[in-house]
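K.L.:
Protein chains in written order, with the numbering used here: chain A, 201 to 765; chain B, 201 to 765.
Simulated from the structure, these hints should not be mistaken for laboratory data. Only a predicted model underlies this, so the values are computations on that prediction, with no experimental measurement involved. Not one of these hints is a red herring.
It does not matter which identical chain is used: a pair holds within one copy or between any two.
Taking lysine-lysine pairs in the DSS-like style, the calculated list, with each CA pair at most 27 Å apart, reads: (1) Lys507 <-> Lys288; (2) Lys212 <-> Lys234; (3) Lys326 <-> Lys682; (4) Lys484 <-> Lys530; (5) Lys461 <-> Lys484; (6) Lys288 <-> Lys300; (7) Lys295 <-> Lys234; (8) Lys212 <-> Lys326; (9) Lys234 <-> Lys326; (10) Lys326 <-> Lys633; (11) Lys530 <-> Lys461; (12) Lys234 <-> Lys300; (13) Lys633 <-> Lys212; (14) Lys530 <-> Lys504.
Number of protein chains: 2
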Amino acid sequence: MRLSQFHLATVKEVPAEAELVSHKLMLRAGMIRKLAAGLYTWTPLGLRVLRKVEAVVREEMDRAGAIEMLMPTVQPRELWEETGRWEKFGGQLLKIADRKAQDFCYAPTAEEVITDFARQELKSYKQLPVNFYQIQTKFRDEIRPRFGVMRAREFLMKDAYSFHLGQESLAQTYQAMYDAYGRIFTRLGLKFRAVQADTGAIGGNASHEFQVIADSGEDVIAFSDGSDYAANVEKAEALSPAIARPAPSAALSRVDTPKQKTIDEVSAFLRVPATQCVKTLIVKGREGLVALCLRGDHAFNEVKANKLPELTDDIVMASEEEIVAAIGAKPGSIGPVGLPESIPLIVDRSAAVLADFVCGGNTDDTHYTGANWERDARITRVEDIRQVVAGDPSPDGLGTLRIARGIEVGHVFQLGSKYAEAMDATVLDDQGKAQVMLMGCYGIGVSRIVAAAIEQRHDDAGILWPEPMAPWRVAVCMINPKGQAEVTAAAESLYSELAARGIEVVLDDRGLRPGAMFADMELIGIPHRVVVSERGVAAGTLEYRARDAAESRQVTVDELLRLFG
Amino acid sequence: MRLSQFHLATVKEVPAEAELVSHKLMLRAGMIRKLAAGLYTWTPLGLRVLRKVEAVVREEMDRAGAIEMLMPTVQPRELWEETGRWEKFGGQLLKIADRKAQDFCYAPTAEEVITDFARQELKSYKQLPVNFYQIQTKFRDEIRPRFGVMRAREFLMKDAYSFHLGQESLAQTYQAMYDAYGRIFTRLGLKFRAVQADTGAIGGNASHEFQVIADSGEDVIAFSDGSDYAANVEKAEALSPAIARPAPSAALSRVDTPKQKTIDEVSAFLRVPATQCVKTLIVKGREGLVALCLRGDHAFNEVKANKLPELTDDIVMASEEEIVAAIGAKPGSIGPVGLPESIPLIVDRSAAVLADFVCGGNTDDTHYTGANWERDARITRVEDIRQVVAGDPSPDGLGTLRIARGIEVGHVFQLGSKYAEAMDATVLDDQGKAQVMLMGCYGIGVSRIVAAAIEQRHDDAGILWPEPMAPWRVAVCMINPKGQAEVTAAAESLYSELAARGIEVVLDDRGLRPGAMFADMELIGIPHRVVVSERGVAAGTLEYRARDAAESRQVTVDELLRLFG
Chain A
201 MRLSQFHLAT
211 VKEVPAEAEL
221 VSHKLMLRAG
231 MIRKLAAGLY
241 TWTPLGLRVL
251 RKVEAVVREE
261 MDRAGAIEML
271 MPTVQPRELW
281 EETGRWEKFG
291 GQLLKIADRK
301 AQDFCYAPTA
311 EEVITDFARQ
321 ELKSYKQLPV
331 NFYQIQTKFR
341 DEIRPRFGVM
351 RAREFLMKDA
361 YSFHLGQESL
371 AQTYQAMYDA
381 YGRIFTRLGL
391 KFRAVQADTG
401 AIGGNASHEF
411 QVIADSGEDV
421 IAFSDGSDYA
431 ANVEKAEALS
441 PAIARPAPSA
451 ALSRVDTPKQ
461 KTIDEVSAFL
471 RVPATQCVKT
481 LIVKGREGLV
491 ALCLRGDHAF
501 NEVKANKLPE
511 LTDDIVMASE
521 EEIVAAIGAK
531 PGSIGPVGLP
541 ESIPLIVDRS
551 AAVLADFVCG
561 GNTDDTHYTG
571 ANWERDARIT
581 RVEDIRQVVA
591 GDPSPDGLGT
601 LRIARGIEVG
611 HVFQLGSKYA
621 EAMDATVLDD
631 QGKAQVMLMG
641 CYGIGVSRIV
651 AAAIEQRHDD
661 AGILWPEPMA
671 PWRVAVCMIN
681 PKGQAEVTAA
691 AESLYSELAA
701 RGIEVVLDDR
711 GLRPGAMFAD
721 MELIGIPHRV
731 VVSERGVAAG
741 TLEYRARDAA
751 ESRQVTVDEL
761 LRLFG
Chain B
201 MRLSQFHLAT
211 VKEVPAEAEL
221 VSHKLMLRAG
231 MIRKLAAGLY
241 TWTPLGLRVL
251 RKVEAVVREE
261 MDRAGAIEML
271 MPTVQPRELW
281 EETGRWEKFG
291 GQLLKIADRK
301 AQDFCYAPTA
311 EEVITDFARQ
321 ELKSYKQLPV
331 NFYQIQTKFR
341 DEIRPRFGVM
351 RAREFLMKDA
361 YSFHLGQESL
371 AQTYQAMYDA
381 YGRIFTRLGL
391 KFRAVQADTG
401 AIGGNASHEF
411 QVIADSGEDV
421 IAFSDGSDYA
431 ANVEKAEALS
441 PAIARPAPSA
451 ALSRVDTPKQ
461 KTIDEVSAFL
471 RVPATQCVKT
481 LIVKGREGLV
491 ALCLRGDHAF
501 NEVKANKLPE
511 LTDDIVMASE
521 EEIVAAIGAK
531 PGSIGPVGLP
541 ESIPLIVDRS
551 AAVLADFVCG
561 GNTDDTHYTG
571 ANWERDARIT
581 RVEDIRQVVA
591 GDPSPDGLGT
601 LRIARGIEVG
611 HVFQLGSKYA
621 EAMDATVLDD
631 QGKAQVMLMG
641 CYGIGVSRIV
651 AAAIEQRHDD
661 AGILWPEPMA
671 PWRVAVCMIN
681 PKGQAEVTAA
691 AESLYSELAA
701 RGIEVVLDDR
711 GLRPGAMFAD
721 MELIGIPHRV
731 VVSERGVAAG
741 TLEYRARDAA
751 ESRQVTVDEL
761 LRLFG
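Here chain A stands alone, though its shape is the one from the complex (with noise of 0.2 Å):
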């Protein structure tokens, strides 16, 4: 490609809404242009890197077995109705009605689809397992869409569901998918990895996210430095301290504390350090509050707490009103000692290991300093409800955790019978009789991918592509102000030569002055460049530097070929 016929438009200035790295560079390279809220435009640029994580994709699941296929974006309401989904998925559904008042959405995922598909297509066990793809556009109506492509309204995606008689036989292709999975990542060249996750709202047995790892992610994950764990945090178990609790040694004694209500006011004002404090949450229960005790130093953890009998699938905290009116003091004051006996008290695991704690008083600013479980306090049970922390110890007992920040960018679940069991999606068995399948399904954000990958490689003057997922692997720019006969050949033979070897190279040809030249490059991140000039040619070299190279370096042209093998 030269530039000259290309449409590359790089800018300064990005308004200020784009607040991450990613944002403002796909923006600044000019990969992608704002057409509304979370609806964006991928200029030739873009769509270039675009379609190679596309082609990335597409070829790990060809090789995995999935076979490609293509459905609607636009989806009837009844089949979304069969599964309860059209008002459970919420605001995100975006709800279209056509000319005639039928109800459709805009596709934001295909379990409705792909399986009202599986039940007419899929007769007999004869026929799985099989695992069907498609690489589509998707629309997620996101209250707040923001970080430009990262978490855009309409994205391209990769979404395959399998279909299985028999646990076993999802359990292959699952794992199938997941070894996909990573050598997808692998070759684009990501630095990520493959977490537990919470099998949320979607349902199903077993739940791995890919999570390209950078600071800027929005997802936390905890992985092991002695082992191959790795869980989203949400999910990522906090063991039970190894130890076992003291036996009481101070008496209960009830302390003023004035205005004191956070752990770190309480911990401060009685000189106690956090970790030696309990903090009480109470929240609405199935029937009633519920009060959740936790170390001061550690966080809540939602995910684990809604799998709490006592508690609903979507958390809600008690008001002030209905916390004084049931206990008789405010937030900021409760603890577990003289808690009434009508509110269940669930005790992290960490947090039933002390004694001798401080915890609130039940009376406005007041605490108690020694309380101990047992002697001063019930505990309804014992659960792991808080957030792991670096330092915790691996839950597979094999190392100790560290936390890191990340994207995801893919999702495995095994979702079992959930959805064929609700749209009746059988096949006849060996034994001829029906028999309903079981379910999973497999997602790539593909649009994201590339945000990510720029979240992850990046430097002050703009983007480092892993070389698979740049727009060209070599630019050729030409510095020929005079525009001398020698150099413009010199330029074009070399770009002729990289091309007929296959190597994807551009050739600036725009003539820029240098500095311009160099800090598209650099910015839009090609990760080779070579300079043709009018001193090179009389020296017989090129001015070589790789991207993420401090220096440039002469070569000649067998040097240069050569680096590319």
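Put chain B on the given structure of chain A with help from the hints.
P.N.:
Same frame as chain A, now just chain B:
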């Protein structure tokens, strides 16, 4: 690909609503499955064909210098308001309100979005000409979706838009696209014609349709047997007859024609050929009624009449009441003789050269014989308002017109300044002065091509794909009921040998009976079939049959390989 690992699902019965051969065959071959009215899932088999068409379109667009990009499918109302098309586009525009009650549409086309992109991206004449394209899902909310993917609501389209300073540049790119379209349809192995088309409501100067010739086509095209001339009949000019109007030789005479209303009835009743009759249509013009006279055997061409200054864009016939009120007789007895002076009388070129003709008497149940222009009836103006018929002289003066039916698969337009002006898309010219850009637009119905190819190429057994569109080029059918190792080895070896040569091959290893296997391969239209059987392995031969050949023949492996170069 091994069919045992593919999802091939041919079916015997198709719904009665499938009228077109292509719709029936695509359902029977299992290429598409209906999700809802006008919404189709492309199965793995169907998608293979669709992607092949897409690839050829992309290659030729790239070769012609167009640059691929990707716009959102969901577009904001504001841009459509700028051109007035939010209202004017009509019911085909699928309108969508998001969760914040902002209005959007599912793009049926992208003139507004690309013009908005261009007015932001293009600042200088130096960036022109430029031609952007995308291959993307579109939606048109057809009032009566039918014919499968031929007239689906959601469909795959290639749309390109070029920007220019000056008509000469627009004409050049238009020609380049015209040529590229010719290469695309030629490479796809289709019989087609590029025909002059009416520019219709989209406006602009020049326009050609690319029509795949097929008896089931909805479009009618006229082409010369003596030149390259071809046009949609809507557009094809009917020349003035070479003969002059004969002098009157008969006297005007009113005759009773009780209950004879149509030309056929009057012609039979009076024993006068339809070619010697004049029929008169009364339509509502901008300022009252207008009469249109045609030769009895000719069809009225509304598109041509639309352009008459007396008439409105959408021609509306006058009602019986209006006609009776204005003329005093009902439709069926109306004619030019004695028509009120207030009604302009537009006469078709072929009707204008008649003498001694029959026409309505303007009194119920009467006609005139021996009528003559000028002597008996005035002529306001002579115009071309009829459809051409086979045998008419070609408008370019070379040869005679023939008539064929076609399926529109491509359309190129010179839009001129229509959109750029409405949206104020300008660039600075070499004098630094802002100039409105000129635009061209170029569409290809990618998914429709699949159906059109089937309409053109099929037989009783199924589809006959042109090789570039076939899901696979060769099918190796293994007949091995005894499970003999030599037969399996021979089939696998042939499969590998073909695949190694880059020939797209499918191995039918499903273990079906030969008849069922052959029927499937014929239905899905694989161009070349090879049978590996016990007998063949023993004889060292293969049974080969081309899809379009009457008989199979025995070949050696070497002979077979030579077939594919």
